[in-house]
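What follows is each chain in one-letter form.
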Amino acid sequence: MSGYARRVGIVLWKDLLVERRTKESLNALLFFGLLLLFLFQFSLGPDRAQVESVLPGLLWLGFVLAGLLGLGRSFLAERDNDCWEGLLLTPGDKSAIYLGKLASNLVLMTVVEALVLGLFVIFFDIDIRRALPGLFIVVALGTFGLATVGTLFAAMTANVRAREVLFPVLLLPVQVPVLLATVSATQVALAGQPLADARAWLQLLAAADLVYLVIGVLTFEFVLEA
Amino acid sequence: MIAAAGLRKTFGATLVLEDVTLDVPAGQCLAVLGPNGTGKTTLLRILATLARPSAGTLRIDGVDAVREPDAVRARIGMVAHGSHVYEDLTALENLRFWAAMGGLDASPARLHERLQAVELDTVADERARTFSAGMKRRLGLARVTLGRPRLLLLDEPFNGLDRRGQKWLGEFLLAFKAGGGAIVLATHGFASALAVADRAAILLGGRIALDRAAAGLERDALHRLYDDLIEAER
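Note that the protein sequences, when read in sequence, are chains A and B.
Under my numbering, the first residue of the first sequence is numbered 1, with each subsequent residue one higher.
Under my numbering, the first residue of the second sequence is numbered 1, with each subsequent residue one higher.
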């Protein structure tokens, strides 16, 4: 394994190990997701037509809010005991740290999204079996877009006093293309239509993911040094 | 090892360091003393390439550390207040993480050898969260010596250590010096500093107010010099 890949892997290993032990993010995100579902269910009532029309938006509202909560915490461990400085002093390309953090955020978000989606199915009594392959692609692309920028902005705001406020304020405007594309493509997928009907949205989503990833890799070192 | 000339650091309009010139050869230890807020930590951060000086030059092992910080970072080991320890990893896992991040030997034998060197081998599988401040400091020393650095930068290394811990750390630093390493330590502990330092520098208001050989310098004499300088500064 190359030194770069080894460093990406060790950051991923460290983050997942710490999360498995503390369950700090996972527990918070699950309870938050559950609370959102209760509120959605309570406010929408049993009207199926109404539920189906707003379901894509609700689903992504849940994913994004849970993502904000999880991503915002992703560099907290580095703040303790000056570990941030320790990372700075390690030789080599710092983008490996970014990719490791991105990978651990993706794992965490995927777990939470799978559980939230499962709860959506149970709470709203919807059948998504036919939509599942298309939905999987849309959610994967949308989650990647959210995590690439979220990881970078979480690092930017980790040492700022008002980070809880600043993080979503910075992140959400940048996420507009991703959110528009994911909600529209999710609507197509949940309606059981072929994903080709959302080709333009998916292309936008893939392009945004790629641009965000490249920006994250190229700028992370400056963020860490700042 | 360290050749710093005319180092200056400002944060906005605040002057933190002014015209700091240091020369620390290999195998020597410089103790930087001074009251709180006088710029000791900033100086260490500049020497560690964690902060850029506003003016002045810094060469570490002959390399321009301001222009090429990455080139010298592998030669520097820094133990700051927090010791760079992840609380929810065990001692062994902490070392494994930092060894892999530094591209160093992360074999269990090497990691256990380092833990043994800092007398933490018996708690290798315990989480750092359960460690005392002194144990975390020792784990930090194990971490920085994974890569056989040539320069150790220590911020208040004797803080939180009991008498045995202070003695152990003193011996550890003397052994490091004997191996050809250079040390800069910022401290308030005059006695501990004089036990390992070859030179003592007093930093006041961001300037080196005194820099002299530690040999033959008694703790009380250093205290008097320190008090006189602070009085003169007022």
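Since the hints were derived computationally from the structure, they do not count as laboratory data.
Hints may be right or wrong, so weigh each one.
[Unchecked claim] Cβ-Cβ distance ranges computed for the label pairs, FRET-style:
(1) B:H81 to A:V111: 27 to 37 Å
(2) B:D23 to A:F31: 53 to 63 Å
(3) A:L218 to B:P35: 18 to 28 Å
(4) B:A55 to A:L26: 45 to 55 Å
(5) A:D197 to B:H81: 55 to 65 Å
(6) A:A226 to B:D162: 46 to 56 Å
(7) B:P35 to A:Y4: 38 to 48 Å
(8) B:D64 to A:R199: 45 to 55 Å
(9) B:R234 to A:F31: 51 to 61 Å
[Said to hold, decoys possible] Taking lysine to any residue and the SDA-like style, the derived pairs with C-alpha atoms no more than 20 Å apart in a straight line are:
(10) A:K94 to B:S132
(11) A:K94 to B:K177
(12) A:K23 to B:T90
(13) B:K167 to B:G134
(14) A:K94 to B:E68
(15) A:K94 to B:A51
(16) A:K94 to B:A99
(17) A:K23 to B:E87
(18) B:K177 to B:Q166
(19) B:K167 to B:S132
(20) A:K23 to B:E93
(21) A:K94 to B:R52
(22) A:K94 to B:A74
(23) A:K94 to A:I10
(24) B:K167 to B:R52
(25) A:K94 to B:A100
(26) A:K94 to B:R45
(27) A:K94 to B:T90
(28) B:K177 to B:G165
(29) A:K23 to B:R127
(30) A:K94 to B:L104
[Claimed, not checked] Covered by chain A, according to a simulated footprint, are these stretches of chain B (three or more residues, beta-carbon under 8 Å):
(31) 68 to 79
(32) 82 to 89
(33) 98 to 112
Given the structure is predicted, the values throughout are model-derived calculations rather than measurements.
Think of the CB as a built atom: it goes at the ideal place given N, C-alpha and C, for glycine as much as any other residue.
Checklist entry - Which earlier hints can't be squared with this structure? => result Violated: hints 3, 6, 10, 11, 24 and 27.
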